[in-house]
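Modelling step: build the complete structure from the supplied sequences, incorporating the hints.
Residue numbers (the working numbering), protein chains in the order written: chain A, 1 to 113; chain B, 114 to 225.
No lab work stands behind these hints, which were simulated from the structure alone.
Just so it is clear, CB atoms sit at the ideal spot from N, CA and C, and this is done for glycine as well.
Treat each hint with caution, since some may be false.
Reference excerpt, derived from the structure (chain A facing chain B, CB under 7 Å, subset only) [claimed, not checked]:
hint: 1; residue: 18
hint: 2; residue: 25
hint: 3; residue: 33
hint: 4; residue: 40
hint: 5; residue: 46
hint: 6; residue: 70
hint: 7; residue: 73
hint: 8; residue: 74
hint: 9; residue: 104
hint: 10; residue: 106
hint: 11; residue: 107
hint: 12; residue: 111
Some chain B residues judged to face chain A by a derived CB distance under 8 Å, without partners named [what the hints assert, rightly or not]:
hint: 13; residue: 142
hint: 14; residue: 180
hint: 15; residue: 185
hint: 16; residue: 221
Some chain B residues flagged as far from chain A (calculated, every beta-carbon gap over 10 Å) [said to hold, decoys possible]:
hint: 17; residue: 120
hint: 18; residue: 122
hint: 19; residue: 137
hint: 20; residue: 167
hint: 21; residue: 208
hint: 22; residue: 212
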Amino acid sequence: MSPRRAELLLWAVQRATAVLLAFFVLVHLATMIYAVHAGLSAAAILARTHSSLLWPAFYGFFAVAAATHGAIGLRTVAAEWLHWRGRGADIGMAAIGLVLAAAGLRAVAAVSF
Amino acid sequence: MIRPARNHPAWWAFLVHRLSGVALALFLPAHFLVLGTALEGGARLERFLRWTDQPGVVAGEWGLVILLAAHLAGGLRLLALEFLPWRDWQKTLAALAAGFALLAGLAFALAR
Numbered sequence: 001m002s003p004r005r006a007e008l009l010l011w012a013v014q015r016a017t018a019v020l021l022a023f024f025v026l027v028h029l030a031t032m033i034y035a036v037h038a039g040l041s042a043a044a045i046l047a048r049t050h051s052s053l054l055w056p057a058f059y060g061f062f063a064v065a066a067a068t069h070g071a072i073g074l075r076t077v078a079a080e081w082l083h084w085r086g087r088g089a090d091i092g093m094a095a096i097g098l099v100l101a102a103a104g105l106r107a108v109a110a111v112s113f
Numbered sequence: 114m115i116r117p118a119r120n121h122p123a124w125w126a127f128l129v130h131r132l133s134g135v136a137l138a139l140f141l142p143a144h145f146l147v148l149g150t151a152l153e154g155g156a157r158l159e160r161f162l163r164w165t166d167q168p169g170v171v172a173g174e175w176g177l178v179i180l181l182a183a184h185l186a187g188g189l190r191l192l193a194l195e196f197l198p199w200r201d202w203q204k205t206l207a208a209l210a211a212g213f214a215l216l217a218g219l220a221f222a223l224a225r
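Below, the structure written as structure tokens:
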């Protein structure tokens, strides 16, 4: 894939994950406000996340979208503010994205099953 | 000193969006690690949650909620600017973004 095409693909993925995250974050904000108002406890969190398979599905997609969006965003910041570009930056971005996604899915599994 | 060319609402909106994005990316690993403690049962997660009852930590949470809401609102503004023919609405959108962030933070603070 040419560098220009790769940039275009990353741009499109960044926007697509942004649209998904807009929905995820709105639900997350509403859930957070409800949760702290009802009294934040591990039992309450685990009861909610164990109540339906929709929660792990929701948070699984949320974690992967956030990891992808965050890694691409950090790559842009590194290029524009730190002038860190090229293969090293791309590998760094991919590593950050993969580690974040793995940590996110581990967290979802921890509170869901 | 801020250069005059940068001292306008669209530049501030860009800066808030970028800084909130970096801050959230730095916070995310800690968030995932804490939730991951539930793998060892709820007791350790519960101990951490009780630690977060301290006023200083609650203030930090409030800041994070504002950052998240600001990044969401700023992102929606960017999507609108890129995909909708609304260039003249930049200031309105930036104001709405700031207002939304403040409202979400306030709602969180009141609920906590």
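ask   = Is it the case that residue 212 (chain B) keeps its Cβ farther than 10 Å from each residue Cβ in chain A?
value = 15 Å, holds
ask   = Taking the closest Cβ pair, is residue 46 (chain A) under 7 Å from chain B?
value = 5 Å, holds
query = Does the CB of residue 106 (chain A) sit less than 7 Å away from some CB of chain B?
reply = 5 Å, holds
ask   = Does residue 142 (chain B) pass the interface hint, meaning its C-beta sits closer than 8 Å to a C-beta of chain A?
value = 6 Å, holds
message = Just to be careful: measuring from the Cβ of residue 180 (chain B) to every Cβ in chain A, is the smallest value less than 8 Å?
response = For residue 180 (chain B), the interface hint is violated, since the closest Cβ of chain A sits about 11 Å away, which is over 8 Å.
key: Cβ separation check - residue 137 (chain B) to all of chain A, threshold 10 Å   = 7 Å, violated
Minimum beta-carbon distance criterion (7 Å), residue 40 (chain A) to chain B = 6 Å, holds
request  = With a cut-off of 7 Å on the beta carbons, see whether residue 111 (chain A) makes it to chain B.
outcome  = 5 Å, holds
ask   = Does residue 74 (chain A) meet its interface restraint, that is, does its C-beta lie within less than 7 Å of any C-beta in chain B?
value = 6 Å, holds
task = Please confirm whether residue 208 (chain B) is truly not at the interface, meaning its C-beta sits more than 10 Å away from all C-beta atoms of chain A.
result = 19 Å, holds
ask   = With 7 Å as the cut and Cβ atoms as the points, is residue 25 (chain A) at the interface with chain B?
value = 5 Å, holds
key: Satisfaction of the residue 70 (chain A) interface hint, Cβ to chain B closer than 7 Å   = 4 Å, holds
In terms of the numbered hints stated before, the structure departs from hints 14, 19, listed from lowest to highest.
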